[in-house]
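**Q** Going down the list, the protein sequences come from chains A and B.
In this note's numbering, each residue's number is its place in the first sequence (first place is 1) plus 53.
In this note's numbering, each residue's number is its place in the second sequence (first place is 1) plus 20.
Worth flagging that the hints you see were computed from the coordinates, not collected in a lab.
Ideal Cβ placement from N, Cα and C applies to all residues, glycine included.
Since no wrong hints were added, every one of them can be taken at face value.
A few chain A residues that face chain B, going by a derived Cβ cut-off under 10 Å, partial list only:
#1 ARG110
#2 PRO112
#3 SER790
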Amino acid sequence: MFAEAPSIVAEEEKKNGSGPWVGASLPRKEEDRLLRGRGKFADDIKLREMLYLRFVRSPYAHARVVSIDTSAAEAMPGVVCANTGKEIAAQTQPFIEIGPDQAQKIRDFPMAVGKVLYQGEPVAAVVAESPSLADDAAELVQVEYEPLEPVVEAEQALTDHSILHEEAGTNRVWNGVWEYGDVERAFKEAAYVVDIDRLHFHRFSSTPLENNVVIAEWNPKDDRIYYWCNNSFPSFAIQFLAAHLNIHIDKIRVQTFDIGGSFGIKITSYPQMAVCALASKKAGGQPVKWVETRSEHMVSSAHGNERTFRNTRVALDKNGVITAIDSRHIDDCGAYPRYEPLGCVIWSQVFCGVYRFKNARIDFWQAVTNKCPVGPNRGYSRMQHLWFLERVVDICAHELGIPPDEMRLRNYIRPQEFPYTTPNGCVYDSGNYPKMLEVAKDLIGWDGWKKKQTEARKEGRMIGIGIGTTLDSGTNNFGQSQIINPYAPFSGNSQGANCKLDIYGEVVVAVGSCPQGQGHETTTAQVVADVLNIHPDLITVRTGFDTERNVHTGFSGTYASQFAVSGLSAVHGAAQKLKAEMRRLASFSLGTNEDDLEFGIGQQGPEIKAKSSGKSINYWGLANIVNVNSAVLPPELYDVTLNCRYVWRAPFKVPDTKAKYGSLTLTYASQLHIAIIEVDRETLVPKILDYVAVDDCGTVINPPIVEGQVYGATAHGIGAALMESCVYDAVGNMMTSTFSDYTPITSMNIPNIKYGHTTTPSPHSYSGAKGMGEGGAAPVHTISAALQDALFAQGICINDSFNNADSIFRALQHREGGQLAELVKLEKR
Amino acid sequence: MAIKFSGEFEVKKKPEEVYDFLTDPNRFAALLPDFQGLAVQDAKHFTVKLNVGISYIKGRADVKMELAEGDRPRRAQYKGHGAVAGGNVTIVAGFDLIPSVDGTKVNWQGESQIFGRLASVAGGLLEPLGKKQIQKLIDGLQAALA
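All chains should be built: construct the whole structure from the sequences, respecting the hints.
**A** Set out below in structure tokens:
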């Protein structure tokens, strides 16, 4: 499937037990378990007297619920109970709204109350003794609807002609203007001004192998809620759940296990978690399981944000250097904001992308529509903006007749400018975009393809070469939420970890993340192995999240490309603390100075040795002194527990919320992709002829894991660009709600990918690593650019992020009406 | 999703006779494709039971119909809505009756909106299938009024 990739680290895998382990191509510790089918997923959990929940969902995108009759379902043998939105609303609080002002008035419950706002919204839930009985009973629930006018476009929603949340009185969720520099002056002095009427980033999602799963038990004996689930940001979920369910947050226990992919989409499963808990309560405390079907996942889990860019004006100097951008952006967050409107500020982490322009005004809007609520899908909010910037660069390049590689070189932030402060105060830690372009061009054979392209065009073939340069910003400053709502209680970022020597001397590490394939077990072991100078196989890493392990903070989970920085910094801190305690203990035990000690592996396993005497004590001996043989301990060592928790805190400050200025993210990994695409002259099917992905995520902890994530993100992006789109019809039916219509990318559709790597270590993390894994949706930008190049001569401007044979056909049809001329105008001064 | 339909036909009956036929649920409803049963509530309201089957989605639909406009002998319009397997449907169907030399010219037009999984899963099939079913109804009407 993939072309053979050059190894990032030249050295062979270390087998002799000596480090350093960070940077080594260590096979994933998780692999053996997962590949042999021995993983433990939420649906593998079977509990005594477990019940099964099935949702009844709205066929309408917008309708008033006239009545719900659950009596026939409840009368069915084997059915335990049913719940409706109205019943839930009577015993809960609406979910917390992050947005300010009118958005605060939105009343969001986990099932529809009075109105349904998107096709697939739950209106009732039936609980039965088996999944089949629950299915059958759900069909007996009678719901009467009165259809209302649906709103499926964000621009249309902003007219407030048909309002979704009547209590808010508007469909607008948020609006704010980001303005920096002197935009007016830049336009006055521009040599060229390019106007782009409309660009559109389409709605797509993730299709994890494992759908959402929740098991909830509201235990009547201790009045605590126990969750076994695959939510990927549980520390966020429990904050929402506690307030919603009127229960102390410490009374909610969440455990996650192996998770079969999330890509951010599983962050927003807390409404279903609430329904399952309330169902368990109604069922007298019996555990209730809900396993989402694929169809449910497609219509009602969460989609990525859709965004429209209107009236974009770009000022350029005589050399094609962009001096200013002025644009209006409208984000569609679906029926309920939920994690939104955080996306209204998250994009500004990459405000200027990889480019140097200093003057810009972005008027940003977000609206609700009668579509599935959005969630933080891989590349969340930033990929839409980065795609926009890449489109701007390519359109301007074509209009001015500047080759796209040259256009980028003229506009890139220069390597010597790092750390680079963006117009809105973000600090890009490191990077070398020209070098990445050089590596990518070498890998793909740029000059050769240019020649082939020239020859092919003589034959009438439509071949395009596209470049996409993008950023993967990692480790958020949650203080940016205060730009959205000054009363938001979040700022900074933190992650916890615990590192201990167990009673028999085993090194055990627990972290607050929820890995879904990112290899946290392996990279954690690598970091600790280097601290203690032992082999990673000697370290046990507790995977999965558990509130009762007490290692999490309010930001714990797996999202936003941060584990390599936040998670591993916490692990490193905890390991250092443990090492310091072990050193003190060994100094006492071996009767020598701490400076005289060295950590390593001896005859009896991991040990600490006195260099002067050769005496040593192994880990079991150390643990024994503290846990079992404690009478020998002198009082000055009573504080030694060999059980060390460390909370790493990112060095952030609260941004200036009025100026919308400050550091919003700690690290900036970058990706540069090049695609060669041919559009078939007869079928108009775009085919990738060659593809290169170059990644820079700073110091690499584990090369194969990084490579795997680059391939995954690339596949996801290619799917999004060419195959996957959440299409809604005019009345809000989702028309791509099955895999046969949504056509998620598979191994059969992924081209050979040539992989390359450059390294600019981050000065902002202890190891030089940067968070990665989201890929910045680089393929979406790159494929749009390649198609632009292939079709520009045909009078086509690529103005949508989704392009398949059908959309290219429609663009070609529209060409007769002057698609390019209508969309783009060039003014030469 | 919306399916729009329209057409015309002529029958050798007076407009009054055509109107009376169209507004009599017992005669009109029986011509609906895959008709299974009828319950008449009053002169303007009735519920028809229909068999619905598209690919693997099969089931019975209860469609509540209302004679929304009745202007004897010029125009009759039905509005209906119902739950069908995997979705909901609304129907508006109007008949304009124009006297002709031999009898009555019937101009018919309407729109059906389909919501839910039925539209999502079977969207591509619905329009041709819907039009085929409408044609069956019109053919039935013509035959009955012949």
